[in-house]
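Colleague: Protein chains in written order, with the working numbering: chain B, 96 to 393; chain S, 56 to 371; chain Z, 2 to 266.
Each hint should be verified, as a subset may be incorrect.
[What the hints assert, rightly or not] Covered stretches of chain B, going by a simulated chain S footprint (3 or more residues, C-beta under 8 Å):
1) 200–206
2) 232–241
3) 279–288
4) 298–311
5) 376–382
Keep in mind that the hints were calculated from the coordinates and are not lab data.
We put the beta carbon where it would ideally sit given N, CA and C, even for glycine.
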Amino acid sequence: MQLAAVVLVDGLVYASYLFMVGVGLTVIFGVQRVLNVTHGAFFAFGAYMSATLIGLWYGADLPAFGGFLMILAAAVIVGVVLGVIIERGLLKFLYDRDEHIVVLATFAAFLVLEDVILLVWGHDPYYAFQPMQLLGSTRIAGLAFDNFNLSMIGISAALATGLWYALRRTTWGKMLRAVIFDREISRAMGINVTAVFLGTFIIGSMLAALGGAYLAPTISVQPGIGVEVIVLAFAVVVIGGMGSIPGALIGAIVVGISRAAAIHMLPQIELFVIYGIMAAVLIWRPEGLFAPVTARKI
Amino acid sequence: MTRLIDRTVIGLTAAAVLFGLLALLLPDWVRFIATQSFARGAVALGLLVLWRTGLVSFGHALFFAIGAYAAAFVQRALVNDAFVMTLAGMLGGGLMAFALGFLLCRYRGIFFALLNMAFSMVLWGLLAKNEALGSTDGMGVASPEFFGVELDGGATHLALFYFALSSALVFAIGVHLYLRSTLGSMSTAVRENEIRLEYLGYSAARAVHVKYVISGVLGGFGGALMAMVVGQVDPDSMAYWTISGEFVFIAILGGTGNVGATFIGALAFEAIRSAAFQWAPTVWQLIMGGTLLAIIMFLPNGLWSMVARLRERRAS
Amino acid sequence: MSAVLAVRDLAKNFGAVTAAANINVEIAEQEVVGVIGANGAGKTTFVNMVTGYLPPSAGEIDFLGRSILGLRPRAITRLGISRSFQVAQVFASETVFDNMLIAFGVAEMRGPGLLRILHTESRARRVAEQLERYRISEYRDVIASSLPQGVRKLLDIAMAMVSKPRLIMLDEPTSGISIEEKFDIMDIIMGALREARTTVLFIEHDMEIVERYVSRVLAFYQGEIICDAPTAEALKDPKVKEFVIGKEYHRGRAGDEGKGEKAGA
Numbered sequence: 096m097q098l099a100a101v102v103l104v105d106g107l108v109y110a111s112y113l114f115m116v117g118v119g120l121t122v123i124f125g126v127q128r129v130l131n132v133t134h135g136a137f138f139a140f141g142a143y144m145s146a147t148l149i150g151l152w153y154g155a156d157l158p159a160f161g162g163f164l165m166i167l168a169a170a171v172i173v174g175v176v177l178g179v180i181i182e183r184g185l186l187k188f189l190y191d192r193d194e195h196i197v198v199l200a201t202f203a204a205f206l207v208l209e210d211v212i213l214l215v216w217g218h219d220p221y222y223a224f225q226p227m228q229l230l231g232s233t234r235i236a237g238l239a240f241d242n243f244n245l246s247m248i249g250i251s252a253a254l255a256t257g258l259w260y261a262l263r264r265t266t267w268g269k270m271l272r273a274v275i276f277d278r279e280i281s282r283a284m285g286i287n288v289t290a291v292f293l294g295t296f297i298i299g300s301m302l303a304a305l306g307g308a309y310l311a312p313t314i315s316v317q318p319g320i321g322v323e324v325i326v327l328a329f330a331v332v333v334i335g336g337m338g339s340i341p342g343a344l345i346g347a348i349v350v351g352i353s354r355a356a357a358i359h360m361l362p363q364i365e366l367f368v369i370y371g372i373m374a375a376v377l378i379w380r381p382e383g384l385f386a387p388v389t390a391r392k393i
Numbered sequence: 056m057t058r059l060i061d062r063t064v065i066g067l068t069a070a071a072v073l074f075g076l077l078a079l080l081l082p083d084w085v086r087f088i089a090t091q092s093f094a095r096g097a098v099a100l101g102l103l104v105l106w107r108t109g110l111v112s113f114g115h116a117l118f119f120a121i122g123a124y125a126a127a128f129v130q131r132a133l134v135n136d137a138f139v140m141t142l143a144g145m146l147g148g149g150l151m152a153f154a155l156g157f158l159l160c161r162y163r164g165i166f167f168a169l170l171n172m173a174f175s176m177v178l179w180g181l182l183a184k185n186e187a188l189g190s191t192d193g194m195g196v197a198s199p200e201f202f203g204v205e206l207d208g209g210a211t212h213l214a215l216f217y218f219a220l221s222s223a224l225v226f227a228i229g230v231h232l233y234l235r236s237t238l239g240s241m242s243t244a245v246r247e248n249e250i251r252l253e254y255l256g257y258s259a260a261r262a263v264h265v266k267y268v269i270s271g272v273l274g275g276f277g278g279a280l281m282a283m284v285v286g287q288v289d290p291d292s293m294a295y296w297t298i299s300g301e302f303v304f305i306a307i308l309g310g311t312g313n314v315g316a317t318f319i320g321a322l323a324f325e326a327i328r329s330a331a332f333q334w335a336p337t338v339w340q341l342i343m344g345g346t347l348l349a350i351i352m353f354l355p356n357g358l359w360s361m362v363a364r365l366r367e368r369r370a371s
Numbered sequence: 002m003s004a005v006l007a008v009r010d011l012a013k014n015f016g017a018v019t020a021a022a023n024i025n026v027e028i029a030e031q032e033v034v035g036v037i038g039a040n041g042a043g044k045t046t047f048v049n050m051v052t053g054y055l056p057p058s059a060g061e062i063d064f065l066g067r068s069i070l071g072l073r074p075r076a077i078t079r080l081g082i083s084r085s086f087q088v089a090q091v092f093a094s095e096t097v098f099d100n101m102l103i104a105f106g107v108a109e110m111r112g113p114g115l116l117r118i119l120h121t122e123s124r125a126r127r128v129a130e131q132l133e134r135y136r137i138s139e140y141r142d143v144i145a146s147s148l149p150q151g152v153r154k155l156l157d158i159a160m161a162m163v164s165k166p167r168l169i170m171l172d173e174p175t176s177g178i179s180i181e182e183k184f185d186i187m188d189i190i191m192g193a194l195r196e197a198r199t200t201v202l203f204i205e206h207d208m209e210i211v212e213r214y215v216s217r218v219l220a221f222y223q224g225e226i227i228c229d230a231p232t233a234e235a236l237k238d239p240k241v242k243e244f245v246i247g248k249e250y251h252r253g254r255a256g257d258e259g260k261g262e263k264a265g266a
């Protein structure tokens with residue numbers, strides 16, 4: 096019973112921030128057909144920025160719960176600044192190139208940004224535990240879980256709901272779905288595809304940064320967190336279906352729970368179970384579990 | 056164009072001989088780096104074969120790691136001989152590619168790339184947690200012997216260099232001649248129009264399978280060679296996804312227009328990286344990333360396209 | 002003489018849609034058969050089934066006396082049936098010469114022979130002969146994607162003929178080609194096919210072409226063959242007139258008829 100609780104909670108916490116990173120990745124792929132490796136750097140930047148801002152906030156002895164605003168601020172700053180730089184400064188020139196080349200370009204940008212992090216923040220780890228300590232903990236099935244981690248689950252759930260609503264009910268959402276369905280027809284109908292590309296990329300970047308920013312108080316923020324998360328995000332997106340938001344949710348949950356289960360029950364498979372599932376999905380249903388309907392060109 | 060020994064074969068041989076002679080004058084560390092370049096270049100050569108077929112793999116570290124670990128394993132379990140270890144690496148890579156190829160030959164585009172990546176990360180995960188194989192610390196690889204002859208440190212490295220150089224030459228010529236054959240030309244057919252190939256009478260899937268096995272053998276060779284050169288195998292430096300990315304980087308850097316280009320790319324990659332480590336160690340990743348971006352934006356056909364342009368200008 | 006191709010009760014359904022039904026045809030050695038019918042009548046579906054690209058829902062297909070049901074296109078090509086495509090399927094970034102070279106290589110080589118050099122002197126000669134046969138030698142070094150439509154179609158057919166098939170199925174060989182060029186192109190094609198003694202079946206919308214080159218007509222309508230008769234008879238058949246040609250067919254007014262056919266079909 097305790098094991099089940101640990102696996103479930105840990106798994107969902109894990110799934111939460113993977114969803115944040117994964118949903119941005121999947122939407123960017125769906126809209127722009129770009130498999131954005133730089134996403135890992137956005138995550139890392141978000142974490143570092145969050146840690147820095149939190150440190151500054153509490154260092155200045157400002158009201159305690161404002162620390163959470165810092166998380167959000169970090170995500171927005173990183174998402175907008177880096178999003179604009181990468182989309183307008185790089186991707187804009189590559190939309191007509193071979194899809195593999197674009198992935199490589201984002202990989203190159205990722206390498207560059209990893210070093211920028213080192214230049215700005217150095218090699219030492221950063222800690223920003225204050226928001227986590229503030230919320231205390233709850234006992235579930237006899238074990239103590241940090242409320243901060245639990246809140247991550249709540250935030251992600253809210254995010255998923257919000258995105259679903261935005262996509263289904265708002266005009267912006269309809270435009271997005273139109274562009275995902277068919278870029279050319281959307282353009283022909285008067286949708287400003289360039290603006291949609293930029294907007295999507297910024298939002299996606301903010302979400303990745305939010306994942307990092309929200310996670311920062313629970314870990315030691317150090318070099319290399321981007322490298323690990325991006326390949327996990329790939330797994331999430333592939334499992335759920337590239338371009339599908341509900342898919343990103345399911346994918347994140349699958350990856351999160353599998354990893355938690357492996358860590359607590361069979362540690363030897365912890366590192367590869369996720370990629371095994373990714374391979375299995377690619378083999379059985381390459382489009383993913385929730386592939387969006389794609390138009391059949393006559 | 057119809058002769059077996061064409062201009063490229065002669066050019067490659069001449070280049071190899073020249074480099075081999077030049078290498079006698081170079082310091083040890085240059086040969087050390089060059090040997091590693093040949094290892095990576097071989098993997099990139101395999102990627103070239105796939106690239107011509109319209110396919111990119113983001114997971115060739117799989118074969119690299121298999122080759123490396125196979126060499127290390129054979130050294131402990133069987134015999135400490137460079138040729139045997141290399142053959143083991145090639146065999147390991149080839150067998151894995153043969154097995155996976157049945158599945159992978161039906162995939163294209165980004166799915167082919169990602170499925171390769173998934174498999175390579177599965178191997179990474181397996182190796183990183185495997186105590187018997189040293190987990191993340193990996194295993195050491197002792198100095199290999201050559202046909203039973205044990206050499207001292209410096210001589211081993213020299214021998215490895217010439218072993219690598221001559222192997223690279225053989226593989227480059229082999230792949231070049233292969234691409235000139237009917238089966239090799241099917242790369243173009245698969246890339247351009249699979250339906251047409253099918254109706255001409257050959258299976259695109261089988262053509263891809265063959266090319267995949269070739270790339271697996273080359274990947275295994277690269278891994279085995281690297282294991283012997285650096286004396287160490289471990290999952291992070293051999294199976295991780297960033298390593299696969301480096302191989303693709305090298306293929307693009309060199310250019311896919313010529314089989315020799317992949318080795319030029321590998322040498323350039325090592326040169327840039329070593330220089331970056333030396334003079335700007337805090338920003339070496341930035342330099343590598345920047346180089347890749349520069350190539351993608353301004354020299355999309357790689358360094359080779361500069362050579363090709365010079366040739367054209369001299370011809371006219 | 003036994004039939005080259007014998008099709009019995011062939012049918013194809015896509016869910017509730019019947020693309021083909023009750024197809025019964027026998028084609029004899031060296032016949033030249035025209036297949037006509039409105040768009041969507043089932044002509045290309047028929048070709049796709051015979052060449053193994055589409056599995057039939059029911060029926061039998063026999064080639065030279067043996068069943069070819071369930072075989073893949075590559076196997077059927079090896080047995081002796083080739084086809085050309087409505088949209089010419091060539092290797093777009095390669096030259097005409099290289100396109101033909103690959104076609105010859107694949108047709109001629111098996112097993113270890115596949116590892117032999119593709120571009121040999123003797124093969125180059127055969128390529129040159131084939132290019133000449135189809136009058137496209139002057140385009141030898143032109144990249145396929147830059148070819149004029151007519152030349153690209155000739156290349157497509159020339160590549161299909163490399164394997165010296167007993168039966169070739171041409172899918173709208175003159176579609177997209179200007180009216181002035183149509184007959185020249187067809188003369189080249191039919192001349193080469195006759196020289197190779199190949200049995201020919203071709204899908205065509207242009208009734209003038211059908212009249213000139215074909216001795217027997219299969220008319221399709223809604224997936225079924227509504228008429229199977231010698232050309233003159235078929236073109237006068239009331240069912241064919243109603244469901245295929247669309248209006249009274251007048252001789253000698255090539256311009257009008259060409260446009261009319263396309264509008265009605």
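Colleague: Please go over all the hints and tell whether each is borne out by the structure.
Modeller: Results for each hint:
1. For the region 200–206 of chain B, the proposed coverage by chain S is satisfied: 6 residues have a C-beta within less than 8 Å of a C-beta in that chain, meeting the threshold of three.
2. Counting residues of the region 232–241 of chain B whose CB lies closer than 8 Å to any CB of chain S gives 0, which falls below the minimum of 3, so the coverage claim is violated.
3. Using a Cβ-Cβ cut-off of 8 Å, 0 residues of the region 279–288 of chain B lie near chain S, which falls short of the minimum of three, so the contact claim is violated.
4. Look at the region 298–311 of chain B against chain S: 0 of its residues bring a Cβ nearer than 8 Å to a Cβ of that chain, fewer than three, so the hint is violated.
5. Interface restraint, the region 376–382 of chain B with chain S: holds (3 residues with C-beta to C-beta distance below 8 Å; minimum three).
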